[in-house]
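The lines below spell out each chain.
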Amino acid sequence: MKRSYLTITIFIVVFGFLFATNAFAAPKKLVIGHPACLSGKYAKAGEQAIGGIKACIDWVNNVYGGVLVAGKRIPLEYKYYDCESKKEGVTSLIERLITVNKVNVVFSAYSSGLTLAGAPVAERYSMVYMDHGGASDRIFQQGFKYIVQTIGPGSKYHVGTLDMIKYFDPKAKKVALAYEDSEFARMTMGGAEKHAKKLGCKIVFKRTYPKGVTDLTPLLSDMKARKPEIVVGGGHYEDGQLFARQMSDLDINVKAVSLVASATLPAYYKALGGRIAEGVMGPSHWEYGVTFSPKGAKKVGLDWIGPGQDEFVSLFKKALGKDIIPDYHAAEAGAQVLAYVKAVENMNSVDQDKVRAALGKLKFMSFYGGWDVDDTTGMQIGHSMVDMQWQDGKRVIVWPLEAATGKLIYPKPKF
Amino acid sequence: MKIFVRGGDFIYKGNTQETLSESLSEVFSNRVKEEKMILTLLAGNLIHGLLLGGVYGLATMGLSLIFGVINVVNVGHGQFIMVGAFVALTMFTVLGLSPVIAIPAALIIGMALGFFFFYTVMRRLIRAPELTSLLATFAMGILLEEIAKLIFGADFRGYYWAVGKITLPITTIPMSKLYAFIGSIAIALFLYLWFSKTRIGTAIRSVMEDSEGARVCGVNVSWIHALSFAIGIGLTVMSGVLLTMFIPVGINPYMGGGYTLKAFVIAVLGGLTSPYGAFFAGLIFGLIENGAYTLFALIPGVAPFPLTVSLAFWMLFFLLLVKPTGLLGK
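Protein chains in written order, with numbering that gives the first Met the number 0: chain A, 0 to 414; chain H, 0 to 329.
No lab work stands behind these hints, which were simulated from the structure alone. Some hints here could point you the wrong way.
[As the list claims (entries may be wrong)] Okay, derived cross-link-like pairs now, PhoX-like style, lysine-lysine, Cα gap no bigger than 20 Å in a straight line:
{"hint": "1", "chain 1": "A", "residue 1": "Lys226", "chain 2": "H", "residue 2": "Lys148"}
{"hint": "2", "chain 1": "A", "residue 1": "Lys173", "chain 2": "A", "residue 2": "Lys197"}
{"hint": "3", "chain 1": "H", "residue 1": "Lys148", "chain 2": "A", "residue 2": "Lys321"}
{"hint": "4", "chain 1": "A", "residue 1": "Lys28", "chain 2": "A", "residue 2": "Lys144"}
{"hint": "5", "chain 1": "A", "residue 1": "Lys201", "chain 2": "A", "residue 2": "Lys165"}
{"hint": "6", "chain 1": "A", "residue 1": "Lys269", "chain 2": "H", "residue 2": "Lys148"}
{"hint": "7", "chain 1": "A", "residue 1": "Lys193", "chain 2": "A", "residue 2": "Lys173"}
{"hint": "8", "chain 1": "A", "residue 1": "Lys173", "chain 2": "H", "residue 2": "Lys32"}
{"hint": "9", "chain 1": "A", "residue 1": "Lys27", "chain 2": "A", "residue 2": "Lys353"}
{"hint": "10", "chain 1": "A", "residue 1": "Lys172", "chain 2": "A", "residue 2": "Lys144"}
{"hint": "11", "chain 1": "A", "residue 1": "Lys144", "chain 2": "A", "residue 2": "Lys362"}
{"hint": "12", "chain 1": "A", "residue 1": "Lys226", "chain 2": "H", "residue 2": "Lys196"}
{"hint": "13", "chain 1": "H", "residue 1": "Lys164", "chain 2": "A", "residue 2": "Lys413"}
[What the hints assert, rightly or not] Non-contacting residues of chain A with respect to chain H, defined by C-beta distances greater than 10 Å in every case (computed):
{"hint": "14", "residue": "Ile73"}
{"hint": "15", "residue": "Arg137"}
{"hint": "16", "residue": "Phe143"}
{"hint": "17", "residue": "Lys173"}
{"hint": "18", "residue": "Gly190"}
{"hint": "19", "residue": "Ala296"}
Bear in mind that the values here come from a model prediction, so they are computed numbers and not experimental data. Ideal Cβ positions, reconstructed from N, Cα and C, are used throughout, including at glycine.
Generate coordinates for the entire structure from the input sequences, incorporating the hints supplied.
Given below as structure tokens:
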């Protein structure tokens, strides 16, 4: 009897030891899954995001030495498929990444609509779902547990823009809002409207246009008749091009034009043939030239992780094999890699719930700037935006003043 | 005191006869200004609608011609428009040539594509079930999209052709739009004359009317099929150039889908087998699309743009109920 107890005890101890070592053993690699927008309407932002993610993975694996889990440095791997910028692509690919590719974390596609479409799938599998391209506040009002945002909330996009205009021109009052009828733009413009009213501005025009619009002439003619001083609008890249182009066609010359999620893209200037983009502004989560550094992080009491700005830019160019400067889509996607690495290291685990809890508590700074999310909702609260303006074919940071790389041209040059 | 004025109530808060009369005159003057502004906007939008309608009309003529002659609905129609847009973009940005020069180049490229697709795909499908030809043209469209993506990438591109603007009291018109409209009218007129005054044009019309009868009269129906398909595609590709003169941004491999939808509505509106009907329907479509915005904007609490977009489909629905053969269809 005693002997059999002893055998059982030995068996339990040995089995338990084996189980424990296996449980705490570091996996051989950490896989990031991503339904990427390689084609379709978000292809431009999608390419940037892939470049940013690859650049930061390159940094983690080859400069940082890998992710430290259970005393071992393990490499990051990146698995992505083209979702064609479509919701059905996003949902099926997330399922595939989780069940077939056995990824450790899922990065969202791009845009609020696609991010929102993918969230329930990640939630069903209790998978940490990191959002670098969905800015709508509504995503975080659904009660999802595993979503964590790196991009800032949509309602804050134009807060800085309007503050800046009021700072330079306190008399400017008449604001026009013309924007795409999409989740993201509605949220962004809702925030802009609220802030404009708070600053004492009058909304003289407020209209939406449907997605995929090919001619904005009637709407812009209507807007012109209301004689606005400040125009805030857009929605995504393609309608942002159309917006500025047709404002120019109709000779709508105002003091300031700020277009969301389009004017900040490097290709925007070329797509408009140059001159029309001059003076057009856009809010951005990151711009080349913003000065975040380990020294600055120390000053504000935050940990620093990741490459410096120039190192990130060169890794980005290497990742895409193109000599282009990354934009904020690349930076926020890259910063997300760093946040995940930091959370895994802080918890010394790849368990989804533990990583999600660590992300909720995480505060750090990288080349992208500050990173801190609301513990419960996962919404980004620690990152501040900048405003850029096209000046002589270059993107110049004009706000906030402490981050500015040039002076605002105000009123903007005529189209 | 609450006074009723047209368009709403006016609450008078003053206490003298003079201030009441001043307030009322201000209300009326604002009302007159508002009405004048609406009329100006409507007139301006109708001008832009007419200009755009001309290009829409030309863009649909190819679809109607192909359906009229070989009885095939080209589901890949918009993708041929996309080819034309890239012809204009490449000639402008790479070769530095004006979009006006890109028009004949697009016709040649379009006709070459038309002959290629006819002899490789469509010839075998003329008498095939409708679904087969629908799938074949759908596949042609996807093929074109993917080739364009391979060559140009998936970016949204554009160009800036600085040819000035005309400023009218009611609106501003870029010269590029005016050139696109004039180009469309000239091409449509040329086609009309070509169809009615030349032997080949007459042969095409005879095949449209009755292909068996035309064959009995000695018309080489097979060649007319090939030629009509090539002309139809050539016209469509050419209209892609004209569309970029109108809207020179957003050029990308996937831009065709929206235009296919519009072209179908216009083609049905004009009578599916009538290229001229398609042209006039294009003009009407452009006018309604632009003009309706101003009128919908008068309805309080309504977003006029989405209504304007859906209006085209309401028109189609109504027309199919009332006159299924279209405006000029028989």
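Hint check: Lys172/A vs Lys144/A, CA-CA at most 20 Å. Holds or violated?
violated, 41 Å
Starting from Lys201/A, check that the Cα of Lys165/A is at most 20 Å away, please.
It holds: about 13 Å lies between the C-alpha atoms, which stays within 20 Å.
Does Gly190/A clear chain H by more than 10 Å, comparing its Cβ with all Cβ atoms of that chain?
Non-interface label on Gly190/A holds, nearest chain H Cβ at 19 Å vs cutoff 10 Å.
Tell me if the straight-line CA distance from Lys173/A to Lys197/A falls inside 20 Å.
holds, 13 Å
Tell me if the straight-line CA distance from Lys226/A to Lys148/H falls inside 20 Å.
Roughly 41 Å between the alpha carbons, so the hint for Lys226/A and Lys148/H is violated.
Interface-negative label, Ile73/A against chain H, beta-carbon threshold 10 Å:
Given a closest Cβ separation of 34 Å, the condition holds.
Per the stated criterion, does the least C-beta distance between Phe143/A and chain H lie above 10 Å, as a non-interface residue requires?
holds, 29 Å
Holds or violated: are the alpha carbons of Lys28/A and Lys144/A at most 20 Å from each other?
violated, 25 Å
Restraint check for Lys226/A with Lys196/H, where alpha carbons must lie at most 20 Å apart
violated, 52 Å
Distance restraint between Lys27/A and Lys353/A, which requires alpha-carbon spacing of 20 Å or less:
Answer holds: Lys27/A to Lys353/A is near 19 Å, not above 20 Å.
Can we confirm that no CB of chain H comes within 10 Å of the CB of Lys173/A?
holds, 15 Å
Mind verifying the non-interface call on Arg137/A? Its CB should be farther than 10 Å from each CB in chain H.
holds, 19 Å
In this structure, the earlier hints numbered 1, 4, 10, 12 are contradicted, and the remaining ones agree with it.
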